[in-house]
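Asker: Sequence:
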Amino acid sequence: MALSRGHDPEGSSRVGLSLGMDLFFQAMNPSNQGEDPTPYGRAWVEINPAALQTNLDAVRDSVGPDVRVVPMVKADAYGLGVEQAVAILEGSAPSAYGVATVDEGVQLLALGIERPVMVYSPVPPGQVRQGVEQGLVLSVSSAAEAEAVGRAASGPAAPVQVDIDTGMGRAGLPAHEVGTWWPALRDDPRLSVVGVWTHLHSADEADLASGRAQIALFEEACGRLDGLDPGALIHVANSAGSLRLACSGANAVRPGYFLYGGHVGEGTPPPEAVVSLRARVALVREVAEGTTLGYGATYRAGGTERWASVAIGYGDGLPWALGNRGRALVRGRSVPIIGRISMDSTVVDVSDLDALAAGEAVTFIGSDGGAHIALDEVARVAGTIGYEILTGLSPRLPRVWDPLP
Numbered sequence: 001m002a003l004s005r006g007h008d009p010e011g012s013s014r015v016g017l018s019l020g021m022d023l024f025f026q027a028m029n030p031s032n033q034g035e036d037p038t039p040y041g042r043a044w045v046e047i048n049p050a051a052l053q054t055n056l057d058a059v060r061d062s063v064g065p066d067v068r069v070v071p072m073v074k075a076d077a078y079g080l081g082v083e084q085a086v087a088i089l090e091g092s093a094p095s096a097y098g099v100a101t102v103d104e105g106v107q108l109l110a111l112g113i114e115r116p117v118m119v120y121s122p123v124p125p126g127q128v129r130q131g132v133e134q135g136l137v138l139s140v141s142s143a144a145e146a147e148a149v150g151r152a153a154s155g156p157a158a159p160v161q162v163d164i165d166t167g168m169g170r171a172g173l174p175a176h177e178v179g180t181w182w183p184a185l186r187d188d189p190r191l192s193v194v195g196v197w198t199h200l201h202s203a204d205e206a207d208l209a210s211g212r213a214q215i216a217l218f219e220e221a222c223g224r225l226d227g228l229d230p231g232a233l234i235h236v237a238n239s240a241g242s243l244r245l246a247c248s249g250a251n252a253v254r255p256g257y258f259l260y261g262g263h264v265g266e267g268t269p270p271p272e273a274v275v276s277l278r279a280r281v282a283l284v285r286e287v288a289e290g291t292t293l294g295y296g297a298t299y300r301a302g303g304t305e306r307w308a309s310v311a312i313g314y315g316d317g318l319p320w321a322l323g324n325r326g327r328a329l330v331r332g333r334s335v336p337i338i339g340r341i342s343m344d345s346t347v348v349d350v351s352d353l354d355a356l357a358a359g360e361a362v363t364f365i366g367s368d369g370g371a372h373i374a375l376d377e378v379a380r381v382a383g384t385i386g387y388e389i390l391t392g393l394s395p396r397l398p399r400v401w402d403p404l405p
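Using the numbering used here, read the sequence shown as starting at 1 and increasing by one per residue.
Mixed in with the good hints there might be a few duds.
Below, in silico cross-link-like pairs of lysine to aspartate or glutamate (EDC-like), each with a Cα-Cα straight-line distance of 20 Å or less [claimed, not checked]:
id	residue 1	residue 2
1	K74	E114
2	K74	D103
3	K74	D61
4	K74	E388
For the record, the hints were derived by calculation from the structure and aren't laboratory data.
Please put together the full structure from these sequences, using the hints given.
Answerer: So this is what it looks like as structure tokens:
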């Protein structure tokens, strides 16, 4: 699982293209003209593995040496690339990995992972047998799910985790009805309960009262799980919970967003920035006062201005909502995004920069010189959450993992 570096997705043969199309592609990929030595194409995602490791270490420092850590690597490690992410996380010997789906679990196993792989979302009936046969640890949220797993366990008892609903509401067995469902799960010879968990719905909010109430309900429920294997994982905390809330009965945490550079609430340590989003200037043009820009002509030049068309758009995962609201960095200086963002291009106002050329890099997330645009700033301006920004970065953007120091 060696770290892989990006490649130029536009470097394939262009046989048969007209001269005009050749010139177009040269503008979109000026590395072919010798103007920029980086080989990453029109736009790319840079990932700092040392920062990922630092953030994991911060979680470990917060929870202490006796608490096991289960990194969440669902959704392709939050869009970064699960193979490369796991190659870094393996160095810290996590107790297990967390995913959302059977397919994600199978992908991890194909990478040679020998640690337990926990599937946290409810599994559709048609995939239960595959999950059991692959040795994944499925979550049980109902008697019907438990029965489906039991029927699929033709050999040794199938390992499962019990999802206890303490207020999230989307899945889980009711915390106040432990006496109704626990004896059947515990005594089913086809099942081996290796974990018990719940999920906090507001651990990143300023008011932690609801989180504390959920923890109290979970601890009460766990106290009634007579006969639970003493080695079972008992866990409540996501990233925010790991850093902000304590659960005396828990012996594990499952961080996710914080590992990948997301801020998770008041009073938590700032994460190291893991992800940078960059693209190339494709075209620079000077326009006259009154020139309109983009779909809907929502921007009009207030005077003579210089605009840079940048080879990235909402088709790459740059939020459409940043149009006329967001900003980017060029040569360490902040420049406004103007007009609506298109599927494949975005325009920034570079009137205050001298002699900007096609091929120069523009940063939409990350640092340039002494300036920085945080992931969560982009999410706030776009009216969304950083999780959506990360997982929405398009597969057509190469993921460029920096070498470890």
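Asker: Now tell me, hint by hint, if it's right for this structure.
Answerer: Here is what the structure says about each hint:
no., hint, verdict
1, K74 with E114, "17 Å, holds"
2, K74 with D103, "10 Å, holds"
3, K74 with D61, "23 Å, violated"
4, K74 with E388, "13 Å, holds"
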